[in-house]
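What follows is the residue order along each chain.
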Amino acid sequence: MSDASAARILDTAAARGAEYADVRFESARSERIEVRNGVVAALADAASTGYGVRALIDGAWGFAASDDQSDAGLDAAAARACAIARAGASIARRRVGSPPPLSYVAEYATPVQREPSSVPLGERVALLLDAERGLHADARIAVGRAWIDLWDSRKTLFGSNGTRVTQRIVQSGSGVQAMAVDAGDAQTRTYPGDIGLYQSGGWEIVEKAALSENAQRIGEEALAVLRAPQCPSGTFDLVLGGSQVSLQIHESCGHPAELDRVMGWEANFSGTSFLEIDQLDRLQYGSPQVTIVIDNTLPLGMATCAYDDEGTKTGVSDVIRNGILVGYEMSNDTAREIGRESNACVRAQSWAFTPMIRMCNLNLLPGSVPFEHLFDDVRDGVYMESNRSWSIDDRRLNFQFGCEIAWEIKNGKRGRMLKNPTYAGMTPPFWNSCDAVADARSWFAWGTPNCGKGEPMQVGRTTQAAAPARFRNVAVGVGYAGGHG
Amino acid sequence: MARAILERSPAEQTEVLIGQSDDTLTRFTHQISNQNVAALGAQITVRAILAGRTGVASTNSVDEDALRALVERAVAMARLAPKDPLQPPLPVGKPAPAPPNAYVEATARASPERRAQLCKAVFSAAERADCWCAGYASTASSAYTIANSNGALASFEGTDAAVNVKMIGTDSSGWAEEHTTDVARIDAAAVAARAVGKRLRGAAPRSVEPGPWCVILEPAAFGELLAYLAGHFSAQSYDEGSSFCSEGLERRYFGENVSMFDDYAHPLAPGMPFDFEGFPTQRLPLVEHGVVRNVVTDSYYAHKLDRENTGHALPAPNSYGPQPLHLVVAPGTARLEELIAGTARGLLVTRFWYIRTVDQKQAIVTGMTRDGTFLVEHGRVVGGVRNLRFNQSILEALRACEFSSEQVRTAGYGFSTVVPAAKIDGFTFTSATEF
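Note that the protein sequences, when read in sequence, are chains B and E. The opening residue of the first sequence carries number 1 in this note's numbering; numbering runs sequentially from there. The opening residue of the second sequence carries number 1 in this note's numbering; numbering runs sequentially from there.
Since the hints were made in silico from the structure, they are not lab data. Watch out, some of these pointers could steer you wrong.
[Said to hold, decoys possible] Lysine to aspartate or glutamate pairs mimicking DMTMM-like chemistry, simulated, CA-CA at most 20 angstroms apart:
hint: 1; chain 1: B; residue 1: Lys419; chain 2: B; residue 2: Asp380
hint: 2; chain 1: E; residue 1: Lys304; chain 2: E; residue 2: Asp84
hint: 3; chain 1: E; residue 1: Lys361; chain 2: B; residue 2: Asp182
hint: 4; chain 1: E; residue 1: Lys83; chain 2: B; residue 2: Glu123
hint: 5; chain 1: B; residue 1: Lys453; chain 2: E; residue 2: Asp23
hint: 6; chain 1: E; residue 1: Lys83; chain 2: B; residue 2: Asp130
hint: 7; chain 1: E; residue 1: Lys361; chain 2: B; residue 2: Asp185
hint: 8; chain 1: E; residue 1: Lys83; chain 2: B; residue 2: Glu34
hint: 9; chain 1: B; residue 1: Lys453; chain 2: B; residue 2: Glu408
hint: 10; chain 1: E; residue 1: Lys361; chain 2: E; residue 2: Asp171
hint: 11; chain 1: E; residue 1: Lys120; chain 2: B; residue 2: Asp58
Kindly generate the complete structure, drawing on both the sequences and the hints.
This is the structure:
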């Protein structure tokens, strides 16, 4: 990862006709530890180093990635990116790509309180063994799982416009899960949230999750859900826990607000979007309680960094302001198409992938109601927590989500536990039915480490900070409408 | 390299997995290429076992220092791992030769210009049909070598080529794709024409009421549905109680006409003849005439459950258990056109989108139709319908179904299905969407 290697690649690309080129060198380390039923099912440490070259020729981008850092390898990757760009230009009906408008020289590093590497491996394993053991409240817990993921990536982007941005991104996550099996039924509980606690930072993120302290409760809840009555079908007021609101934002706002989707760049796979450009500044996406912002400077956000993978400086911008659609997640090329500037929402999974628009940190701003008062004027409703099933159509309108656990709400009070809760709706009516978002005391940066998009498929790490929220007159119980259960 | 790593390892048992890939893909939309990429890379993974303690490390650096550090990391992790009393010895078998045409040189060497020409044929079809298109043309090659200190040594090279096309008009879209190991077999113009045909037939879609419908799932749709049943045939899911068949094998769970296999050597989807432990993969019957016969195993679950190792291990570390990666469903006797002709009123489904499990034990899944859903009346396709959401138990679907006589490969790299079209009675749609 040297300036000389970068210069060689950029010179080769220029000699091959690139009007602009950049190269992103990345060296990444990841660790996965998973304990499953008392056995260490994964104790793995992966290292990967390589680079990806983007070349722009006649308005078309070509991308070539390689892990060959010899001079011949550098030359070959640069030449391959140019050949790919030229082949793309030969069939393009119009020019789309342009060089980035600005260049930067900068460095950034994720704030880390405790370096994960400073924690002895034996301590990391022991934490999970202890937490997993706690899940087994009785023999009906057929599967107990506890896991830690640690990521540490160092990358430098060199652009032929003079950009030289070096960043170190550290992200950590952990969780526990219990699956209870009895009498032909299987029920799962996960903690924290529905996938674990994933944030940017070091070992302090794992400590914050307090897995061992919560394991027994999670095991007992899995058993309790087995015995709980089926969630009813019908129209109910709905209160969603914070992690489920996070997923609702992710699927029904985050993806449809990706401007490449809006423009049809994902049409064959992830789909398009109902947030069409002629709806900008007009569409009543949600109620006035709903304000959703991109904040790629958010402390603890999984997508937090100083510059995106095109070299654009990160910041804060609105997507939904008081219920109205006012913005998108954008790259340089897509922003230019609608007369705006990129808001730095471009990321690549690793050196081996081309940068593309990702939803990054997209957050529902907190409201003013304390969480415990969300139930106050609900006469007949359901409170759901922890996602277990999620599906939405390819324009992001018709959705159906299922949760691991629910409680009925009767006359303002949380009542008995329910199992197999599902709810469904259409995105704008659903968000317009939101009449309360809990206040900042229950607002939390929920990270998602496994967001898929693109072809070749890339996995993105993103955060949707959210608080619990209340929705009126929602279709509940549809997942079992076929007479099952 | 594998032998050198094995010789250098101080562990009691060591496994080396070397993977190399060159993946290229030209993605397009609105008749431009919006993602045009190539990635060349390798990964070396070492699994070290000391007295039942396992550690795994991987790297993509192949110099001497990196490989030495790789072994040291795997061994260090193993020393800190708790002992697993069920850890069996690393397996040794004699892998079968690769099936014919698993590797095609022309695919491995396909140029950016070749992919551009495939895309250009699609662009021309879109412009003639007055619509826009999105999709990709891809070519890829991969190679694996797996060796262990007990004597296993297996190598495989494979290729994959695909064209994926969505045609989009004012109020309808159509989709088609083709997967093969040989790029020369791809007729991009024909794939584009199929997508155009669906786009045109789906124009001016009508709304239909959700509820139970007779559906005819084209192979792409049926293959997507079936993928959500695959994990139930893992010995891990079976053992832990989360599979529909955890209550017992050799029982009838499906209709008499349902037979399903895991077959890496099917001519439409030839794949690797050994698993990621280097052990030979069996061409295994999973379901015969509705009766579940087998679940797939690896060395760990074969030992734990006292069953035969069927050679279905995933790469270490693996917390998902063994998996069937090459599902094949036996065909029926009627052609797809005959299934349609025999339908009084039903829906013909091109593909599904965003299927997710709603209920694990009952194998209830939800998802949407997409890119070509048609109303069938009196044996004829009469027009397009707006898309619908379903909630359906796959188990129940396979108790009342009929299959077409044509099998199609419906997915690419890594996980493939070879399936016919399926006609299913009482398929439950629960809501509709706006397009």
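So, going through the hints one by one against the coordinates:
1. For the suggested pair Lys419/B and Asp380/B, the alpha carbons sit about 17 angstroms apart, so the restraint of at most 20 angstroms is met.
2. The hinted pair formed by Lys304/E and Asp84/E meets the criterion: a straight-line CA distance of about 11 angstroms does not exceed 20 angstroms.
3. With a CA separation close to 11 angstroms, the supplied pair Lys361/E and Asp182/B stays within the 20 angstroms bound.
4. With a CA separation close to 16 angstroms, the supplied pair Lys83/E and Glu123/B stays within the 20 angstroms bound.
5. In summary, the hint linking Lys453/B to Asp23/E is supported, as the alpha carbons are separated by about 17 angstroms, within the 20 angstroms threshold.
6. Distance restraint check for Lys83/E and Asp130/B: the Cα-Cα separation of roughly 15 angstroms lies within the 20 angstroms cut-off, and the hinted pair is therefore satisfied.
7. Taking the CA atoms of Lys361/E and Asp185/B, the gap is about 6 angstroms. The hint holds against a cut of 20 angstroms.
8. With a C-alpha separation of about 14 angstroms, the suggested pair Lys83/E and Glu34/B falls inside the 20 angstroms cut-off, and the hint holds.
9. Using a Cα cut-off of 20 angstroms, the hinted pair Lys453/B and Glu408/B is violated, with the two alpha carbons roughly 36 angstroms apart.
10. Between Lys361/E and Asp171/E the alpha-carbon distance is near 38 angstroms, which puts this suggested pair outside the 20 angstroms criterion.
11. At most 20 angstroms may separate the alpha-carbon atoms for a hinted pair to count; Lys120/E and Asp58/B meet this at roughly 17 angstroms.
This entry does not satisfy hints 9, 10, going by the numbered hints stated previously.
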